[in-house]
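4 protein chains.
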Amino acid sequence: MRIDLNADAGESFGPWTLGADEALCEIVTSISLACGFHAGDPVVLRGTLQLARRAGVSVGAHPSYPDRQGFGRRVMQLSPRELEAMVLYQVAAVAGMSRAEGLRLRHVKPHGALFHLVMRDDEAADVFVRAVRSCDPDLCLVGHGGSALARAGQRAALRFVSEAYMDRTYEADGSLTSRADAGALITDPLQAAAQALDITMRGCVRTRDGSRELPVAAETLCVHGDTPGAPAIARAVREALERAGVLVAPF
Amino acid sequence: MRIDLNADAGESFGPWTLGADEALCEIVTSISLACGFHAGDPVVLRGTLQLARRAGVSVGAHPSYPDRQGFGRRVMQLSPRELEAMVLYQVAAVAGMSRAEGLRLRHVKPHGALFHLVMRDDEAADVFVRAVRSCDPDLCLVGHGGSALARAGQRAALRFVSEAYMDRTYEADGSLTSRADAGALITDPLQAAAQALDITMRGCVRTRDGSRELPVAAETLCVHGDTPGAPAIARAVREALERAGVLVAPF
Amino acid sequence: MRIDLNADAGESFGPWTLGADEALCEIVTSISLACGFHAGDPVVLRGTLQLARRAGVSVGAHPSYPDRQGFGRRVMQLSPRELEAMVLYQVAAVAGMSRAEGLRLRHVKPHGALFHLVMRDDEAADVFVRAVRSCDPDLCLVGHGGSALARAGQRAALRFVSEAYMDRTYEADGSLTSRADAGALITDPLQAAAQALDITMRGCVRTRDGSRELPVAAETLCVHGDTPGAPAIARAVREALERAGVLVAPF
Amino acid sequence: MRIDLNADAGESFGPWTLGADEALCEIVTSISLACGFHAGDPVVLRGTLQLARRAGVSVGAHPSYPDRQGFGRRVMQLSPRELEAMVLYQVAAVAGMSRAEGLRLRHVKPHGALFHLVMRDDEAADVFVRAVRSCDPDLCLVGHGGSALARAGQRAALRFVSEAYMDRTYEADGSLTSRADAGALITDPLQAAAQALDITMRGCVRTRDGSRELPVAAETLCVHGDTPGAPAIARAVREALERAGVLVAPF
Chain F
3 MRIDLNADAG ESFGPWTLGA DEALCEIVTS ISLACGFHAG DPVVLRGTLQ LARRAGVSVG
63 AHPSYPDRQG FGRRVMQLSP RELEAMVLYQ VAAVAGMSRA EGLRLRHVKP HGALFHLVMR
123 DDEAADVFVR AVRSCDPDLC LVGHGGSALA RAGQRAALRF VSEAYMDRTY EADGSLTSRA
183 DAGALITDPL QAAAQALDIT MRGCVRTRDG SRELPVAAET LCVHGDTPGA PAIARAVREA
243 LERAGVLVAP F
Chain L
3 MRIDLNADAG ESFGPWTLGA DEALCEIVTS ISLACGFHAG DPVVLRGTLQ LARRAGVSVG
63 AHPSYPDRQG FGRRVMQLSP RELEAMVLYQ VAAVAGMSRA EGLRLRHVKP HGALFHLVMR
123 DDEAADVFVR AVRSCDPDLC LVGHGGSALA RAGQRAALRF VSEAYMDRTY EADGSLTSRA
183 DAGALITDPL QAAAQALDIT MRGCVRTRDG SRELPVAAET LCVHGDTPGA PAIARAVREA
243 LERAGVLVAP F
Chain Y
3 MRIDLNADAG ESFGPWTLGA DEALCEIVTS ISLACGFHAG DPVVLRGTLQ LARRAGVSVG
63 AHPSYPDRQG FGRRVMQLSP RELEAMVLYQ VAAVAGMSRA EGLRLRHVKP HGALFHLVMR
123 DDEAADVFVR AVRSCDPDLC LVGHGGSALA RAGQRAALRF VSEAYMDRTY EADGSLTSRA
183 DAGALITDPL QAAAQALDIT MRGCVRTRDG SRELPVAAET LCVHGDTPGA PAIARAVREA
243 LERAGVLVAP F
Chain X
3 MRIDLNADAG ESFGPWTLGA DEALCEIVTS ISLACGFHAG DPVVLRGTLQ LARRAGVSVG
63 AHPSYPDRQG FGRRVMQLSP RELEAMVLYQ VAAVAGMSRA EGLRLRHVKP HGALFHLVMR
123 DDEAADVFVR AVRSCDPDLC LVGHGGSALA RAGQRAALRF VSEAYMDRTY EADGSLTSRA
183 DAGALITDPL QAAAQALDIT MRGCVRTRDG SRELPVAAET LCVHGDTPGA PAIARAVREA
243 LERAGVLVAP F
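Residue numbers (the working numbering), protein chains in the order written: chain F, 3 to 253; chain L, 3 to 253; chain Y, 3 to 253; chain X, 3 to 253.
It is worth saying that the hints were derived from the structure and are not from the lab.
Treat the hints loosely; a few may be bogus.
Cβ-to-Cβ under 10 angstroms is the rule here; a few derived chain F residues that face chain X [to be verified]: (1) S14; (2) G16; (3) L20; (4) E24; (5) H40; (6) D43; (7) P44; (8) R70; (9) G72; (10) R181; (11) D228; (12) F253.
In this text the structure is predicted, and so the values were computed from the model without any measurement.
Backbone N, C-alpha and C fix where the C-beta goes; we use that ideal spot for every residue, glycine too.
Next comes chain F alone, as it looks inside the complex:
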């Protein structure tokens, strides 16, 4: 059995620091780098790529709507032409900077409101995938299994990597508990480790209210860089998985 652990990274900007990139790079096996549209800037991006290289972590791009003030979490209505060009620009910038650091960009995972759009909207997902593919047809896509993005990736013959969460709870309908609700975040490392083991070894997750088990297939488990105690959570998850004999390695 094998799983990848991923974290968002490079979400600082100018004088402002966010996340625990250095600590997380010692624990996870993949990171998704902010591309400068919702967070990150060239200096931050380069520093984070250098961290990744030293830690031997696999790197991906985390493109977003162009909205720093809203951290890419506000819905914006872009035309397909705008969306495609923006994704292309961001992936190209991070891919090229990765190459300059001797790394190969491995995956693309949409961020924030754009993530939610391409999980459910087939047309937008096709646009997104077209942009990624035109940058590099060997890139993997990361998102929810069974999503619009997964289908679009299949149509375009791009590898799709399904993701589940170690630090978020699930509702009975399979969706994540809304961040607006209590209990949406898992901040207890032991609870996160238990959920990670369930997903990885048994392909299921217990719902937030404990009433049901849902089937969840995942090749990578995400910890959000801004979840309080993210490094402790990721460490507990990794240790539990390795103790159980799971190989923790990039997809």
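Could you slot chains L, Y and X onto chain F? The hints should help.
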């Protein structure tokens, strides 16, 4: 005899249009594309690359300080670390988007205040060249012959392409007439054509006051996209050169 | 009979010019100034205020979503707290700069996608009005008669000024013809003048297909600064109105 | 004897937090608010004004070069026209938002590289003062005693408030120790309190190397919001001053 004609391009932004990219792409043989820091955005950049592909024009990146409001023409004191990361980001973005359109990025020419910095400052020129080289060691540098950038390019074994102007006058010390002075711009197509012939065929240029001839070596002649009547100037220059038997083609 | 003529103004940005502010300020009686979020910058804003002062034109603020690249025309989902603070900031900046030029800010008219939001959404309109009112309770609101903004203004005891268009056609349901459809823009000065006379003197407008007359009440008629030939349209409208004995003056 | 204690505030941006505004507002008597150009945004600005109102703290504007990524600390060459318009816009925005919260803007203190410019350059200081004055001639200016800004304020009949630092050391020539040098920051609350007492009660400060006492006149003492332990430093300073019988109150 052979010469390249180049123009800056892709300097529109969002709702705002600047330059005559479509007309110029029919006349010049190379364009330098704004990368989104002083001008351009992903939609503009992509559209301009598609223009270039249809017209068979060679493409380069035109990186700048991060200053849209000042169009990259205001001096900004960046640290070497900031400068390197910013040039890297911009060149990577344009190189990747070029590749996605089936084009190969061929050159890098700094813009505005950054251009003036790397023409005269050896340390900044080394930083600039390091960024370009780490993106792609086959890229050419474009700038004034004999400049700090030319020396830095030589140290790093990057091809340097020297540029002269068809639409700007020269002072007796070899510098361009300041844009603040009358007569700095050549807007008469015949005068531009005469200067282009002098530079290309005789390796010299007559100074603004007509008093002297200066030696000028150039492999490419620039027309600024925002010079009034730029397409007419470029057309007159091209026709005069071809009539004189000069091969007008990318460097 | 009396009517105000208004135009959007100050929509240039840095090196990029948009609109015909100087010509329009000689014709219209009110302008709505971009505040720096979708267009405009401090230099442009100040220059446009100076134009307005010299021309004796009444000034208003034209706040927007924070989206230069999309010119404020892309829907963005802001929280009420974000919306209120952003409108407040923009109106405060323009009001203070107006005062510094010896002018009194007279009205606020939302721009682009924000305009459409507060025309139809009562909650957003209340937020918008609260922001305007906390800046200055003597400010007027400008928008469609009968809109959510008109109702919100009434609840907050702010004067509401209803607007109709000299350069846009109307559909049978009273809405404007979508910019995506042919015939949405009126670019013939005579047609614009005829529509302006209908609205001002008879309180009605003929629909695009000519089939019906709709009742339209307006205290101000708008010409969009980016409509081709905007100054010629505004001049024809003004002359026709004055010839018909209508007083053209600020509301 | 009487002194004001001031801190920079409102330097968070979007998702990024900086400084300890809430804690500092309980201790200091004046704050200088980022205006959205180097830090701050409308939501942050409004929240900080509400903090200030609840804490009874006097408010000022802290205008900057337009450079978020560089936090306003990078030199930029603006023309006088650009500088004046930018200061005007920022002060107008913060003054208007203050008024909307029931507060009166009391002072303006330039930030970062702009601060250093107007401390030494008389022409730039005149431009700065003209912008401030045209917003509100009752505003105070804050800066170093004897600086170009102090002289420009005097010429324009604006009150100038001289500032010294509780958290920075001084060199023998009266300048602050460069942030690049060890010992530039005072992070020991007791050392800060001793320096604050020296400045306030004896009008002098001991140089970093302890060799000399320099005369320093100050009506306000600054603590930087990003100095480690800023609230503890400010509290120790305030307690020491009050114990010594100094009235700590806004200028």
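So, going through the hints one by one against the coordinates:
no.	hint	verdict
1	S14	holds, 8 angstroms
2	G16	holds, 4 angstroms
3	L20	holds, 6 angstroms
4	E24	violated, 18 angstroms
5	H40	holds, 9 angstroms
6	D43	holds, 5 angstroms
7	P44	holds, 9 angstroms
8	R70	holds, 6 angstroms
9	G72	holds, 7 angstroms
10	R181	violated, 13 angstroms
11	D228	holds, 8 angstroms
12	F253	violated, 28 angstroms
Comparing the model with each earlier hint shows violations of hints 4, 10, 12; every other hint is respected.
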